[in-house]
Structures are given as structure tokens and as C-alpha cells.
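Read top to bottom, the protein sequences are chains A and B. Per our numbering, the first sequence starts with residue 1, numbered consecutively. Per our numbering, the second sequence starts with residue 1, numbered consecutively.
The list cannot tell twin chains apart, which means a pair is met if one copy fits it or any two copies do.
Below, a list of computed lysine-lysine pairs in the DSSO-like style, where the Cα atoms sit at most 30 Å apart: (1) K24 <-> K119; (2) K119 <-> K152; (3) K113 <-> K24; (4) K24 <-> K65.
Since the hints were made in silico from the structure, they are not lab data.
2 protein chains.
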Amino acid sequence: MNLLLLTAVEAADPLIRLRDDRAKHIREVLRATPGDQVRVGILDGAFGRGIIRNVSSSAVTLECKFEEIIPARSEDTLLLAVPRPPVLARCLTQAATLGFGQIILIRSWRVDKSHLASKVLAVPTMRQLLIEGLAQGRRTHIPALHRFDLFKPFVEDHLESIIPGGHRFVGHPSAETQTSKLHIPKTAAVSLAIGPEGGFIPFEVRALQDRGFQAVQAGPHPLRVETAIAYLAGQLHLLRNQSTD
Amino acid sequence: MNLLLLTAVEAADPLIRLRDDRAKHIREVLRATPGDQVRVGILDGAFGRGIIRNVSSSAVTLECKFEEIIPARSEDTLLLAVPRPPVLARCLTQAATLGFGQIILIRSWRVDKSHLASKVLAVPTMRQLLIEGLAQGRRTHIPALHRFDLFKPFVEDHLESIIPGGHRFVGHPSAETQTSKLHIPKTAAVSLAIGPEGGFIPFEVRALQDRGFQAVQAGPHPLRVETAIAYLAGQLHLLRNQSTD
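The shape of chain A in the complex, shown without the other chains (with noise of 0.2 Å):
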């Protein structure tokens, strides 16, 4: 945990008591004393320093001041095809360390209908793994998040609406574009999409194409689908920095 994120109501307090997971991580990983400075965040809003005031073995209470900026909401988007719930929970910590603005989750056809009924997909549960992944990344917006069971309603009816623009890449391996012929201006909000293990059908890879999404090979050896993400993150992430535009 590099940032210890509170939510808006618990950061209104002047003295805030903490009794949860992040009391025993104050306590059991950073072993702060009373005078001890962290780094806090608001969930959707501003970083700030808290100062802890007191250690007990129920409970750890900090004074917090909080920046009056806002850091920018990512206009990052990771449309991924729903896999298997272990690797779904790391995905998701993952795309949320990463910075992407939000994530739809979509199922494919090759994405086992079993996995749709797995209990990471249950709303507050995928909260609580973005919010661990935030938590790592020092970052404070929690991504936004969508799911769409069908395939074609969702490209037809839905995906123009929640993807803003920007520049589009479908991860596939057997694209001609290498990444590394990108160029992609510094401010471009980027939406990635990564298909499930065996990848995306012709048809689905031909409708994403269809709204602007680029197909790009990150290179012949096939990914897992969390390897894939942070591999093609971190590409589209230099190749912004690289960008004089």
C-alpha cells in the first residue's frame, strides 16, 4: 500500500479513526508511531499528508490535510474480455494501478459463460480490487466500470458512447502493425482492447476495427491476458512520452 486511501465522509472528520485493513497496515507494515507521516488520498479527489495521532490495537487515529487540486480523471480505456475470476481479480487490480479511466468488460465469444457467474463480478468486490490497485499506484479515481454480456449490442449501441474518442488498439497477434510503428500524441486518451485467452474472434476483431480500433501485434510470442495488459500499457505509455506532438 503506498497511498492510504479514505473515502469523501471519512475524510471530512478532523480526527480520523481507522479500525480496518489499513489500521493493521499502519500498525503491522509501516509501524508508525504517533508524529509518523503518510501519504492519503481521497477516492475520487485529492492527495494530501496524514499525521498519525495515535496507535492502539483496535484502532489509529490521523489528522489529514488534503491538497486543493484534483488530479485529472485518466481518459484511459481497457475493454477486456471477461477471463477466468482469478485472473480477473489480478486485471483488475492491475488495470487500476495502471491508471485506466475506466474498464468494460465484455464478453466475447470465446470468454466461458462460466465465468460470467463468478463472484469477483460482484460490484463491491471489483471495487474493493480497484481500490487495492489504487492503493499500490498512488492514484485516487477509481476507474469506471462497465460490463456487457453480448458482443454486438455492446459495439452497435453502446461503445461510441463510453469510449471518448482518442486513439483505439485491439492487442491481437497475427496483426501486421508492430507497436513500435506508433506514434501517439502526448495528450491522446488511448482505449486498449485485450481479448480473452485464444483471442478475439475474426469477426470481433473486424467489428472493433470497423469503430477505429487499430490492430497491433506487441510481438509473435502470445501473452497471458495480465502480461498482455501491463506489456501493452507500458509500450503506450512511452510512446506518448516520446511524442513531440
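Position chain B relative to chain A; hints supplied.
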């Protein structure tokens, strides 16, 4: 499994009979029937094609033809501070998928001593994890594995003989050089050092810098170990692909 990996001994048989998880995979995931073809590879050897000759509940029999050219072994090195066991398992598999030619596990200051007693560190276990990663990434060369439980003797006495020249980087969140500023020749061997949670301590970073490791930061957001490996591997791959040297 995107590649069926065989040992050299197995591959020497004109008819190869499998009874383990590979047979199960062919039967239950690929649902192959006699006459079907599968991609095969010899560990540390050539790729080939296997034709399924027989499928029963207890065994699968294949006839394989291998290419004459053995792919080159990667000269890339991953230098990894031993993470906690489940993360280590995923890191090993991922590193094999990503094509590191060798993996050096080291104990740095912030590595929890208990991690070194993990069963994951048993050589047969690590080998199995690496083979899973190769099968995912369609690669045949098993990364060489080294392990050093003392940082200073490793850096002073062993590093130079194990890592063959090349470009060397250590991921460090507060480094001044961003990866987007790097230029890496297309054919350069690359070494990537990734610290434990909390990072390498300043002494360790300096020791690595003294051996030519350039400290680079991928961005201001701390990444989990496994995310950092994929994120930076993606960037280093892209930088080499962009090079005209």
C-alpha cells in the same frame, strides 16, 4: 498452452506417447482427434509439427517432425529480488513467456527472509513454472536460473561473469531517466533489474549503477513486481524494435 513441449529424449521416439497433463490438454482443451496437427517444440531445441495418431483416455500418441534450425537463445537477463512465493511463481512463468534467457534471483535488503524458504524455489518446481511460461509464449529455450542469497558478493564477484555485457537497466521509481528517453540498438542484449516491494535500497542501486546499470523510471506510479516486469519488458522490446542501429 500454445506449444506442446517435449524433452529431447521424448522427441527422439518416432511415435511419442504422452500420459501426463499434456495428454489431458490435447484431449480436453484442444479436443484433438487423430489426424489433427499441433505445434510442438523440443526443450532447448527446435520447433516442429505433431500429428495426433491416437487419443485414448489414458494416453495420446503423436508423430512429430522438427525443423532443422534451432532458434537462438535470448541473451536478455532478468535480475529479480525474490518476491513472496505466489508472486515469484507468476514472475517465473511470465519471465519465460517474455523471453528472458536467464533469470538471476537475488536476496536484496528488503527481501523478507521467509521468502527464501519457499517451496517455489525448489529447482524442479521452478523448472515446471518456466516450462509453463514457454508453452504459453511459444518458446523452447528454458531460461538459465541462478540464485544468490547475498547481494554484495553477487555484485562484486559474480555479476560480470554471468551477465554478458549488453545494456543494463534497474527499475527505480525515483530515477531521473524516463524509459522514453532511451535508445537501445536492435540487437543489444538487455538486462533488467527489478527490486522487491519497496525497491532496492540506495546502496544496492549504487552498486548496480557502478556495474553499468542505468536507473530508469517507467512512471511516477509504483507497480507491483510482476506488473513492472511486463511493463518494462514491453518498453524495452519496443525501444529495440524502434532502433535503426
